[in-house]
Amino acid sequence: MSEVALENKKNTVQKKKKWKLSQLIGFVILLVVTITMLSPVWFMVTTSLKTTKELLLFPPTIIPKVFAWGNFSELFTNTDIKFGQQYMNSLIVAICTVIGTIISSSLVAFGFARYQTRSSGFMFMLVLSTLMLPYPAIMIPQFLLFMNLGLHDSLLPLILPSFFGSAYMIFLLKQFFSTMPDELYNAGRIDGCSEFRLYWNLTLPLAGPALATVAIFSFIWSWNDLLTPVLYLDSQENFTLPIGMAAMLSSKFRLAPWNLLMAASILSVMPIVLLFAVAQKRFVEGIVLTGIK
Amino acid sequence: MNKKWMSIAISLTLVFALLAAACSNKEKTDGGKGEKVTITHYTIDSPDRTFVEKLIPDFEAKHPNIKIKVTKAPYEQFDSKLQSSIAAKNAPDVTSHWGYGGFMEYYNKDMLMDLSPYLEGFKASDYNIPDDVMDIYKVDGKTYGIPLNSYVTVMLYNKDLFDKAGLPYPPTDYEDKSWTFEKMVEYAQKMTVDSKNMEEAQYGVDFGFGERDQRPQYFGANVYSDDTWTNGGKPSEINLSKPEVVDAYKTLYGLIYDKKVAPTPAFSQSVSGQFGDPFLSGKIGMSVVGSWSLAAAADFSFNVGVAAVPQSPKGDVRSVLYVDPLFVLKDSKHPEEALEWIKYLITTEIQEKSIELSGGNPPVNQAAAEKYYNNFEGIDPKGIQQVFDGAYKYGFESYNHLISNYSQINELFINELAGVENGDKKVEEVLPVIEQKLKDLLARVNKP
Numbered sequence: 001m002s003e004v005a006l007e008n009k010k011n012t013v014q015k016k017k018k019w020k021l022s023q024l025i026g027f028v029i030l031l032v033v034t035i036t037m038l039s040p041v042w043f044m045v046t047t048s049l050k051t052t053k054e055l056l057l058f059p060p061t062i063i064p065k066v067f068a069w070g071n072f073s074e075l076f077t078n079t080d081i082k083f084g085q086q087y088m089n090s091l092i093v094a095i096c097t098v099i100g101t102i103i104s105s106s107l108v109a110f111g112f113a114r115y116q117t118r119s120s121g122f123m124f125m126l127v128l129s130t131l132m133l134p135y136p137a138i139m140i141p142q143f144l145l146f147m148n149l150g151l152h153d154s155l156l157p158l159i160l161p162s163f164f165g166s167a168y169m170i171f172l173l174k175q176f177f178s179t180m181p182d183e184l185y186n187a188g189r190i191d192g193c194s195e196f197r198l199y200w201n202l203t204l205p206l207a208g209p210a211l212a213t214v215a216i217f218s219f220i221w222s223w224n225d226l227l228t229p230v231l232y233l234d235s236q237e238n239f240t241l242p243i244g245m246a247a248m249l250s251s252k253f254r255l256a257p258w259n260l261l262m263a264a265s266i267l268s269v270m271p272i273v274l275l276f277a278v279a280q281k282r283f284v285e286g287i288v289l290t291g292i293k
Numbered sequence: 001m002n003k004k005w006m007s008i009a010i011s012l013t014l015v016f017a018l019l020a021a022a023c024s025n026k027e028k029t030d031g032g033k034g035e036k037v038t039i040t041h042y043t044i045d046s047p048d049r050t051f052v053e054k055l056i057p058d059f060e061a062k063h064p065n066i067k068i069k070v071t072k073a074p075y076e077q078f079d080s081k082l083q084s085s086i087a088a089k090n091a092p093d094v095t096s097h098w099g100y101g102g103f104m105e106y107y108n109k110d111m112l113m114d115l116s117p118y119l120e121g122f123k124a125s126d127y128n129i130p131d132d133v134m135d136i137y138k139v140d141g142k143t144y145g146i147p148l149n150s151y152v153t154v155m156l157y158n159k160d161l162f163d164k165a166g167l168p169y170p171p172t173d174y175e176d177k178s179w180t181f182e183k184m185v186e187y188a189q190k191m192t193v194d195s196k197n198m199e200e201a202q203y204g205v206d207f208g209f210g211e212r213d214q215r216p217q218y219f220g221a222n223v224y225s226d227d228t229w230t231n232g233g234k235p236s237e238i239n240l241s242k243p244e245v246v247d248a249y250k251t252l253y254g255l256i257y258d259k260k261v262a263p264t265p266a267f268s269q270s271v272s273g274q275f276g277d278p279f280l281s282g283k284i285g286m287s288v289v290g291s292w293s294l295a296a297a298a299d300f301s302f303n304v305g306v307a308a309v310p311q312s313p314k315g316d317v318r319s320v321l322y323v324d325p326l327f328v329l330k331d332s333k334h335p336e337e338a339l340e341w342i343k344y345l346i347t348t349e350i351q352e353k354s355i356e357l358s359g360g361n362p363p364v365n366q367a368a369a370e371k372y373y374n375n376f377e378g379i380d381p382k383g384i385q386q387v388f389d390g391a392y393k394y395g396f397e398s399y400n401h402l403i404s405n406y407s408q409i410n411e412l413f414i415n416e417l418a419g420v421e422n423g424d425k426k427v428e429e430v431l432p433v434i435e436q437k438l439k440d441l442l443a444r445v446n447k448p
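Chains A and B, in that order, are what the protein sequence lines are. Read left to right, the first sequence gives residues 1 to 293 (the numbering used here). Read left to right, the second sequence gives residues 1 to 448 (the numbering used here).
To be clear, the hints were calculated from the coordinates, so they are not data collected in a lab. Since this is a predicted model, take the numbers as computed values, not measurements. Check the hints yourself; a few may be wrong.
[Unchecked claim] Listed below are the simulated DSS-like cross-link pairs for lysine-lysine, each with C-alpha atoms no more than 30 Å apart in a straight line:
| # | chain 1 | residue 1 | chain 2 | residue 2 |
| --- | --- | --- | --- | --- |
| 1 | A | Lys82 | B | Lys62 |
| 2 | B | Lys196 | B | Lys260 |
| 3 | B | Lys439 | B | Lys426 |
| 4 | B | Lys425 | B | Lys196 |
| 5 | A | Lys53 | B | Lys382 |
| 6 | A | Lys65 | B | Lys164 |
| 7 | B | Lys333 | B | Lys67 |
| 8 | B | Lys425 | B | Lys234 |
| 9 | B | Lys54 | A | Lys53 |
| 10 | B | Lys425 | B | Lys242 |
| 11 | A | Lys53 | B | Lys353 |
| 12 | B | Lys159 | A | Lys65 |
| 13 | B | Lys353 | A | Lys82 |
| 14 | B | Lys54 | B | Lys159 |
If we strip away everything but chain B, and leave its shape as in the complex, we get:
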């Protein structure tokens, strides 16, 4: 009996060993030039990103030596899958900062490949990419990313609520000096019904300008010292105790609790769920928001318009720019082929095609922009174009693309400012706490 079991055990072990050996003998990495190489494109599993799969047959027909493989993960798990595949030396070739982390985080973790040596002869103008947009992903003259899509901050407004209040629609022209922050508040007051009864309640404006730490920028104040933008996203000073920053936050949260024209977080969550946008409920007059919300415009249950973000009381930054790039990761064995794929994606023809396939991703290639402006039913294309032009002119790149370890910093702001947003704490008591915690955090994460 014992012998029988022993022989079974030995044969099982042998089978496993053979299986393992057979599996590990699978084709190894692709060979050198001339042979077919596989480029992995890692993205979020959402239709506005995975549409690239539909472009692969055309690309592969034009580039017979390159095969594109798309791998994907849900948004929440994007970073963990990327980190583990890098750790396991199975990193994708092409990706972007589609998860919580931003460009500077990737850069400082040494995840990105310097593309400059492969970019000889590459001119941004050939792809109609403005030079200042191309420069966003350059550090010390080296290029680490090629822009793909450019989102801006826009103001969406509910035409039905404007009509009901008898108000004229806000302008699309950023140069219209009559469209000011005060004017916006005045309009908002006329549309607001601040009631405990959820069915009656509605609010004039939801001012979601960038992330929380970037909002003072609209009021001409900066949370971080200027060297942050030139030294790899590591702020040397935090300005949260400066009067202009304190005033900016006071004005911002004053919209909720002093002027009572903006919804409380409790209201927003009850009308739209934890992650939803309360504007979609039709109970918000104006919403300052990223232009990606435009893509859902066809599904809104009310008429929607696009307008310029009003002129700031101080300062001239009126829009947050979110330029999404494509990176080649450092471990890529085929950077040239990866770059071929990236270049293909930013050609005018493909950028135009992508607008349709993605459901409305704004192209970085300005020759394709015309098609983008015409993509939204019921919204005047000229108006959208004017808003985008103004946003580029008065825009500043999103902090999350520029600051190192941004996901931790952002989380700190979200957690600490929750007290102010809920009306439990005052701006003056919370900002010093954030300043201290932020300094501690930066000292820890930016250790040389």
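Okay, chain A solo, but in the shape it has when bound:
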């Protein structure tokens, strides 16, 4: 009996040891992967703190010899760059786009999810088919439209389209709204809810995760968009961040200011990181619930 007990104990110890080893290997692998993934971020941060002379050193220094914190303030003080103005414009465009996309897409998605008519399937296909149109195909006609409306060289052409729905977001939200039980809506109707209140007071509060996903996606798309602002904006005071940052690389006649560009990159990823940190829980739920990545 005691021998068996001893054997069992031995087995447990061995098992424990084995598990620990695998844990260690896993840990090492994770560490290597983490370092690999973080190295570009490290490169971005250190480059942003280097002086112009140090940028050209080879091999590159891993830690800057002199920490040039002034690079960050230069972004805001250098009148050629106008970083602060561009940051503000990008924020205005991105926030308005998020609001527009959420209002318009959720309303349309609600319609498609809750009301069935003979043509609703066809209409939904029609909406989805607009996903097939690449932006360059509608670029010129849309440009002409906004030109004729006199909105060229303002932020409105970047914001207004979001108030007319986005097929991708409509699809995403419709998937979510379709999963809500009919009983809920029937109960609402019995209690005297109008159709709009069913949308406003019932659907939207329950759709938090899906709306968070829509908000994050539309924010990132608008924040990173370069082509549309380049087409519509002429005056420097209207430029958005991607234009400003692309312009820093424009000159083939001199060294690209990589240190300023990296400082700008750090500041420009901040809103996305913050947004993700705030909405992370809901965002992940949204991906799970709508099945969209």
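Given the structure of chain A, go ahead and fit chain B onto it with the hints provided.
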């Protein structure tokens, strides 16, 4: 309830309609003579181009009836913004081929205005522009562009590496017959440390003479038939299978793989990133490069010198000239006023001022050249002048300004020659492939 929603919808529609109407009623195009007209100057968003904004107040004070508006785009998006604004009938008045496309591409797309009718009384000599430079942008006797800046190809060298190898500095005089291609290779061999260890490795020469299809010209060979330069940039024959062209490419890429004195693309990218110039890393002895690299000379972490491109083994083209012009686009409603602005930019006073404001753009106005040569700290102005004089004498205009649909042609060369540059393929196997693809491409794009 329904009524309420209906009324909201109707009022919203009305608001939008009013807004649209109000916006579209904005002031229309500027009127005829005597009234103030706006000239749009479209450029790359980079300090050496956007400095023109600082010249506007002075110009507008001298020309009260003209207002200048500068619009800009990053380099990569320059062409797409230009194309879309032309399509939307919102084209700028004044611009240049600052994107990927060149003069002939613009010309063949019928984007440019013939300036000849407005140039009566205009003499290039009044602006100290040499006649042959002025002629670059003429087709069939009609002027389509006014030169603004003239860049050349120069040799930059790293004085520190020369000193370390105990070599004399290369000469600035193009007439110095001792400065030959072989001599350059010999110097390069003495400076090269061909090592797998990136920290030790350094190379003698990086021969970046023009774009890839123009490089054989240095060796006395021409990729395109001669009619290309007179028929609007449409080559009737491609000479890639001619022995002199094959030999030229073999000599060129032999610098990397036979002589091992030039850096591989992998080395260049690892020391300077995808688009960077490996010379800046301080690990290249001599670099044959466009003179715009001079503008960054003050930032280099080593001492730099300027020299003549060595004498070619055959042929006499030793420099690629990049004369940047200003065009007036065809849709411009105010070509005369646009031309006033262009003329202002090439006056001696403004060209001198532009050198300083731009950080070192080489003026086309030769009276301002003196100031340009004195602009680079630590480099002897007389040396720079000698190099520029020689480059003009032995120069040939850059192919990308002269050949139609150049961006596509250039991309083909870059993609196909990558195999040779990486050492995976031989020149002899790649050139016939390029020849065939190029013929197909030209047949397609140059269809009458």
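| query | Which of the numbered hints above does this structure break? | reply | Of the numbered hints given earlier, the structure breaks just one, which is hint 14.
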